[in-house]
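Visitor: Chains as they are written, first to last, in our numbering: chain B, 1 to 215; chain H, 1001 to 1395.
These are calculated hints, taken from the structure and not from any lab test. Keep in mind that a hint or two might mislead.
[Said to hold, decoys possible] Only pairs whose alpha carbons sit at most 30 Å apart, straight line, appear in this in silico DSSO-like list of lysine-lysine:
| # | chain 1 | residue 1 | chain 2 | residue 2 |
| --- | --- | --- | --- | --- |
| 1 | B | Lys-203 | H | Lys-1225 |
| 2 | H | Lys-1098 | B | Lys-63 |
| 3 | H | Lys-1071 | B | Lys-210 |
| 4 | H | Lys-1031 | H | Lys-1373 |
| 5 | B | Lys-80 | H | Lys-1071 |
| 6 | H | Lys-1317 | H | Lys-1164 |
| 7 | H | Lys-1002 | B | Lys-210 |
| 8 | B | Lys-80 | H | Lys-1098 |
| 9 | B | Lys-63 | H | Lys-1031 |
| 10 | H | Lys-1031 | B | Lys-210 |
| 11 | H | Lys-1076 | B | Lys-63 |
[Said to hold, decoys possible] Here are some of the chain B residues that sit facing chain H, going by a computed Cβ distance under 8 Å:
| # | residue |
| --- | --- |
| 12 | Lys-185 |
| 13 | Ala-189 |
| 14 | Glu-192 |
Here a beta-carbon is modelled for each residue, glycine too, at the ideal position from N, C-alpha and C.
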Amino acid sequence: MRDDNGLRTSASIAGIGLALGGAAFGAFLLNRRKGGSDDAPAYTRKSPPGEHAAIGRTVTIRKPRAELYTYWRDFNNLPKFMENLEAIRSHGETSTWVIKAPGGTTVDVVTKVTDDCENERIAWASTDQSDIATSGRVEFADAPGDRGTRVSLIMSYDPPGGAAGRALAKLFLREPEVQARHDLKRFKALMETGEITTSAHRKDQTREAKQQENG
Amino acid sequence: MKALTWHGTHDVRIDTVDDPEIINSRDAIIKITSTAICGSDLHLYDGVIPGVMPGDVLGHEFMGEVVEIGKDSTLKKGQRVVVPFTISCGGCFHCNIKQYSACENSNPAEKQDMSATLYGHPMAGLFGYSHLTGGYSGGQAEYVRVPYSDVGPIVVPDHLEDDKVLFLSDILPTGWMGAENAEIQPDDTVAVWGCGPVGLFAIQSAIVMGASKVIAIDHYPNRLKLAEQMGAETIDFRKTNVREALMEMSGGIGVDAVIDAVGMEAHGFAIDNMLDIAKQKVGIGADRAKALKQAILAVRPGGRVSIPGVYGGMTDKFPLGALMEKGLQVRSGQTHVQRYTKDLLEKIEDGTLDTTFMISHRLPLEDAPRGYKCFREEQNEWTKVVLKPDMETAR
């Protein structure tokens, strides 16, 4: 179960992919929920509308909406469950997300909150000062009865430009969905159990420890 | 520490591996005093469960002494505990409605994809049972790390020896839930396929639940004898036409409920089963559901089908028509162990349930590879193997 370099690289690429977004993404997000003739979220359609790859995932978390919103809204908490987010530095209106990239390097993304409705949703997007373009959105809605809160993480992104970017496009189209799903499930575990589930046998075998070791 | 590790089909070894340590605050470390080889471990041994990796420590029926605790564990050092094979967080939707074996958090996020692809939903975490169920190190070892130790382990009183309470970890609640899923009514005739440990406990449970007659089906004389001792009538499927016999023994109505305690590696020499064996061997993945198919044909219209036996993939030629046309109810699943441990411990204490009768062999941990081999190849005599890490090897 040792991560080799190949695995690590694709995981890191996935991390960038998670954070990637296109300029036209904002408009898409506004319509992201219903896109067709049925009630299903647009990202579940067999042929997604528009040119932008859209991903989305919902989990139900047995905690009150306000508690989950508050935790997520403090972006300093995100690296605790977003595996490829190394650190977040807040500075007033914007915050810098330090994202792990292939080859042990990092990419800085300066993000700005584009929509914030207390206990309901938070949306963010990168600014021009960023190395890459990124945006995302998380929504919180009451689940029926005492089931807690439905939390949806929705992303849309363009593959990055340039030859290298095109070569990686395939990975970008596939991996961000996996990464987003895992990050969201880690968020659920952290909120419901107080810890990130691990099957490791020893501390130095956890994914976190291995990632630090691999730098 | 020493641990039983998987290296390939029919290749398990005692290796020296690192001791486990506390990682999360709800963890505990248990020093194993008794650990059993389960019939479902033989599916791993036979290589028919995907996602097992060389070096994985097996074992999901175990108990021992608490030797280390995280700051949020509710256990205390020195307590004797039995640990359920299902790992449950206690905080998610499924744990809240006591469907513990469907826990949404106990399988680490990055390990959930394989089982989610296979089954539509991820499986919960289980100890020592492949990376499909989390890749947790199992309890056929000297020590084990137990996550969410405030939810799963049950503290047992000192006057009850290990052999009496060990099976609370899996096979006793599994047999009990197998009988419960058959929704037994007082006048019922119940048929149980497979007189291995789970089948024997299902028989005992069905009788405790008030079934008027329980019929046990197997082909090993010694196992049929144990079923008879439990109060069951028996059918040897090698000698008797099972379906015809069940019709006669239930007065021509058919049995009211059937329990498949066999699972994916059913024995049988009919041509369809031999084909299934061939397909399983070349890896085109058909579960051998011989016992289940027979059970579905044998149960009366409107009857209940309970499946505690383990299946992992697909099966061919499933009698779906019989299921629909006879209006059968089917219930199955990995056991929600935590739901049953307290009540069953009381039934052990007051003598309602006997748990030691099936243990045929007690071995030191070092002899575990031999235990696997004999448990598989000499099923008539080797009915249940309990490993004791503290037992002297030289004998």
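Visitor: Grab the minimum C-beta distance from Ala-189 (chain B) to chain H and call the hint holds if it beats 8 Å, violated otherwise.
Guide: This interface hint holds because 4 Å falls under the 8 Å limit.
Visitor: For the pair supplied as a hint, Lys-1071 (chain H) and Lys-210 (chain B), confirm whether the alpha-carbon distance does not exceed 30 Å.
Guide: The given pair, whose Cα atoms are some 24 Å apart, holds under the 30 Å limit.
Visitor: Check whether the Cα positions of Lys-1098 (chain H) and Lys-63 (chain B) lie no farther apart than 30 Å.
Guide: holds, 18 Å
Visitor: Decide if the proposed pair is consistent with the structure: Lys-63 (chain B) and Lys-1031 (chain H), CA atoms, cutoff 30 Å inclusive.
Guide: Measuring from Cα to Cα gives roughly 35 Å; hence the hint is violated.
Visitor: Hint check: Lys-203 (chain B) vs Lys-1225 (chain H), CA-CA at most 30 Å. Holds or violated?
Guide: violated, 49 Å
Visitor: Do the alpha carbons of Lys-1031 (chain H) and Lys-1373 (chain H) lie within 30 Å of each other, as the hint requires?
Guide: Status holds; Cα separation ~25 Å.
Visitor: Given the hint that Lys-80 (chain B) pairs with Lys-1071 (chain H), test it: the Cα-Cα distance must not exceed 30 Å.
Guide: holds, 20 Å
Visitor: Does the structure keep Lys-1317 (chain H) and Lys-1164 (chain H) at a Cα separation of 30 Å or less?
Guide: violated, 41 Å
Visitor: Given a cut of 8 Å on the nearest C-beta pair, is the interface hint for Glu-192 (chain B) held or broken against chain H?
Guide: At 4 Å from the nearest chain H Cβ, Glu-192 (chain B) passes the 8 Å test, so the hint holds.
Visitor: Would the hint linking Lys-80 (chain B) and Lys-1098 (chain H) be met if the CA-CA limit is 30 Å?
Guide: Holds: Lys-80 (chain B) and Lys-1098 (chain H) sit about 29 Å apart, inside 30 Å.
Visitor: Tell me if the straight-line CA distance from Lys-1002 (chain H) to Lys-210 (chain B) falls inside 30 Å.
Guide: holds, 24 Å
Visitor: Mind checking the alpha carbons of Lys-1031 (chain H) and Lys-210 (chain B) for me, to see if they're no more than 30 Å apart?
Guide: holds, 27 Å
Comparing the model with each earlier hint shows violations of hints 1, 6 and 9; every other hint is respected.
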